[in-house]
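Top to bottom, those sequences are chains A and B. Going by this note's numbering, the first residue of the first sequence is number 1, and it counts up by one from there. Going by this note's numbering, the first residue of the second sequence is number 611, and it counts up by one from there.
Please keep in mind that the hints were generated in silico from the structure rather than gathered at the bench. A few of these clues could be false.
As the list claims (entries may be wrong) - SDA-like mimics (lysine to any residue), calculated; alpha carbons at most 25 angstroms apart, straight line:
{"#": "1", "chain 1": "A", "residue 1": "204", "chain 2": "A", "residue 2": "446"}
{"#": "2", "chain 1": "B", "residue 1": "627", "chain 2": "A", "residue 2": "243"}
{"#": "3", "chain 1": "A", "residue 1": "228", "chain 2": "B", "residue 2": "627"}
{"#": "4", "chain 1": "A", "residue 1": "106", "chain 2": "B", "residue 2": "626"}
{"#": "5", "chain 1": "B", "residue 1": "623", "chain 2": "A", "residue 2": "107"}
{"#": "6", "chain 1": "B", "residue 1": "626", "chain 2": "A", "residue 2": "450"}
{"#": "7", "chain 1": "B", "residue 1": "627", "chain 2": "A", "residue 2": "177"}
{"#": "8", "chain 1": "A", "residue 1": "410", "chain 2": "A", "residue 2": "450"}
{"#": "9", "chain 1": "B", "residue 1": "623", "chain 2": "A", "residue 2": "173"}
{"#": "10", "chain 1": "B", "residue 1": "623", "chain 2": "A", "residue 2": "446"}
{"#": "11", "chain 1": "A", "residue 1": "215", "chain 2": "A", "residue 2": "264"}
{"#": "12", "chain 1": "A", "residue 1": "447", "chain 2": "A", "residue 2": "437"}
{"#": "13", "chain 1": "A", "residue 1": "68", "chain 2": "B", "residue 2": "638"}
All values derive from a computational prediction rather than experimental measurement.
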Amino acid sequence: MKILGISAFYHDSAAALLLDGEIVAAAQEERYTRKKHDAGFPQNAIDYVLEEGRIQLSDVDYVAFYDKPFLKFERLLETYVAMAPRGLNSFRMAMPVWLRQKLFLKDFLLKQFRLQQESFEPEQLLFAEHHFSHAASAFYPSPFNEAVVLTLDGVGEWATTTVAIGKGNEIDIIKELHFPHSLGLLYSAFTYYTGFKVNSGEYKVMGLAPYGEPKYRDLILDNLVDVKDDGSFRLDQSYFNYTTGLTMTNRRFAELFGQPVRQPESEQLTQFHMDIAASIQAVTEEVVLRMTRSLASEYGMANLCLAGGVALNCVANGKILRDGAFKNVWIQPAAGDAGGALGAALAAWHTEFGQPRVASSADAMRGAYLGSGFNEQQIEQELTSAGAVYTKLSCEEMIERAAQALADSKAVGWFQGRMEFGPRALGGRSILGDPRSAETQKTLYLKVKYRESFRPFAPSVLREDLASWFELDEDSPYMLLVADVKKDKRSAMTAEEEALFGIEKLNVRRSEIPAVTHIDYSARIQTVHEDTNPHYHALISEFKRLTGCGVIVNTSFNVRGEPIVCTPTDAYSCFMGTDLDVLAIGNFFLSKEEQPKDLLSDYKDRYELD
Amino acid sequence: MFSFIAEIWLFLKVRKKFWLLPVLIVLGLLGGLIVMSQGSAIAPFIYTLF
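The whole structure should be built from the sequences, with the hints applied where relevant.
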């Protein structure tokens, strides 16, 4: 049976393909349209996954959509009725979209598919609930036969948090928290308050938190959110504006903390914003840990699966793991809405059609390398069309030259194999650097991302070397766990250095791998495994042979505001528009100094900042 | 359109939310007006709730 999963129309549209239950391909639409978080119908992603599966739409048995529009509309109407007459502005914004398109989603999808396949029948369209899609994406590909499945996000239809039990091929949702009480929306409210973009700046709040003290933790717990012992909670809506307005928070919220909302990009971040970030991070961890402890004792299971946007909070994930309430934790790498496409397809296969499931010791995500890949001929053709000057090497030579470039502290564009599914670059479409140099952090940001950041880069570490560098000995292949750098690798800061602020403090050499060490000595770790990404593993192994260090810097292959590169042409364009020194695409090796000067371009302002 | 109305009816029945029916009828009647009244240039700083 061939099942196509789709998520679309809110943010991060995506498509996924299952062939007889096997995950064959999954990709986000933004990578093809080059529009970050693209919410449009994922036609390009669909075309790609069908091509990867060597099938056509006419071969597809079912299309599964990742949420239920009528239920969402019910939530909108009930909220507006409950809040009337407040909410008129929000109502006026929402209704045209709904009355034009979203309410008629089934018809719209039918029309889209009938354009390509006239005989496409309404019965072939299936709809899974939003949180069921998340739960399915978390449990079915996991390596567990049974697990507690916890999904947390902003909101789907009604649910914002669900607890389910996964056993074999079944998922039973046991309990839910409903809108407007949402941990994701609470975090987004603080993202908005600290002047970052909602639904993309949450990472920045998490990265800002280590600079602050959680001074406002109790203020938040006493006023904004009432958390029970089992982690369930209610938000006091008198401080928020998202149910009726077009902002996340209101004046009362600002008065509670004593400062107005920070103006994005123009107003400086101060210690106040850092303390706010630390406080909401602490509250989030408190809520999540109460939940996981309570669930572990209630159900007595050893395994936990996580999905939903909040599961991308890798600092909280690391704490869940270290807390030990669950022995094993598995997190869907595409934990946000893109992963809903995969979850909907898996829900159709296992839940709707009752197909059996056999969990294997490795998860079913294939390292998340589920997107577009290019063979040698395609790469050469694209590079030639772009006017690139390249050297074709053997795989071993390419790895040796890339590792040598890294050891020489060069910024390396690394484009190998299939593209990652989910928000993180995991060594398929990555920019790499030398973590040992204190300068890497600064120069890589300025060379490639065009501005310094208060967040350090993430390390990719050989799995076998993990325990010698970090306080962690669990697989973290999807960069979703944060743990500390080992004590014996750290450097103590002087009193003067401790007193430094923001980026200045980040630039202090705090460990043997300063480019990936946050100011609290934490790191967002990706473990690299020979079986899922042999090229990347070989590269880091070669870097280790040259330098003694089995860790490298890994950041996504894009500039700020740009979706991660998808094709060799995208990669070359980014390479020529930034100060990347070398580019390794497949077995093709490119040096910046050899490229035609007239192809250099100004890439900096091409994308809207996120 | 008929299948859409039938589905909405089925939905209200399953969800036992018949009280939403008048809201939906009014919305249907005002639909054209609401669609045409769109034009706000305010970009919402909000999670994609709708």
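Verification of the hints:
1. For the suggested pair residue 204/A and residue 446/A, the alpha carbons sit about 18 angstroms apart, so the restraint of at most 25 angstroms is met.
2. With a C-alpha separation of about 21 angstroms, the suggested pairing of residue 627/B with residue 243/A holds against the 25 angstroms cut-off.
3. Only pairs whose Cα atoms come within 25 angstroms are accepted, and residue 228/A paired with residue 627/B is rejected, the gap being roughly 30 angstroms.
4. Between residue 106/A and residue 626/B, the direct Cα distance comes to roughly 22 angstroms. Compliance with the 25 angstroms bound is thereby established for this hinted pair.
5. This hinted pair checks out: residue 623/B and residue 107/A have alpha carbons roughly 21 angstroms apart, not beyond 25 angstroms.
6. Restraint check: the Cα-Cα separation between residue 626/B and residue 450/A comes to about 55 angstroms, which exceeds 25 angstroms; the hinted pair is violated.
7. Proposed proximity of residue 627/B and residue 177/A is supported: the alpha carbons are some 20 angstroms apart, at most 25 angstroms.
8. Of the pairs offered as hints, the one joining residue 410/A and residue 450/A holds, with about 16 angstroms between alpha carbons and a cut-off of 25 angstroms not exceeded.
9. Taking the CA atoms of residue 623/B and residue 173/A, the gap is near 22 angstroms; set against the 25 angstroms cutoff, the hint holds.
10. A C-alpha spacing of about 59 angstroms is found between residue 623/B and residue 446/A, which places the hinted pair above 25 angstroms, so the restraint is violated.
11. Restraint check for residue 215/A and residue 264/A: the C-alpha separation of about 23 angstroms stays at or below 25 angstroms, so the hint holds.
12. At roughly 15 angstroms between alpha-carbon atoms, residue 447/A and residue 437/A fall within 25 angstroms of each other, so this suggested pair holds.
13. Among the hinted pairs, residue 68/A with residue 638/B is consistent with the structure: their alpha-carbon atoms are about 20 angstroms apart, no more than 25 angstroms.
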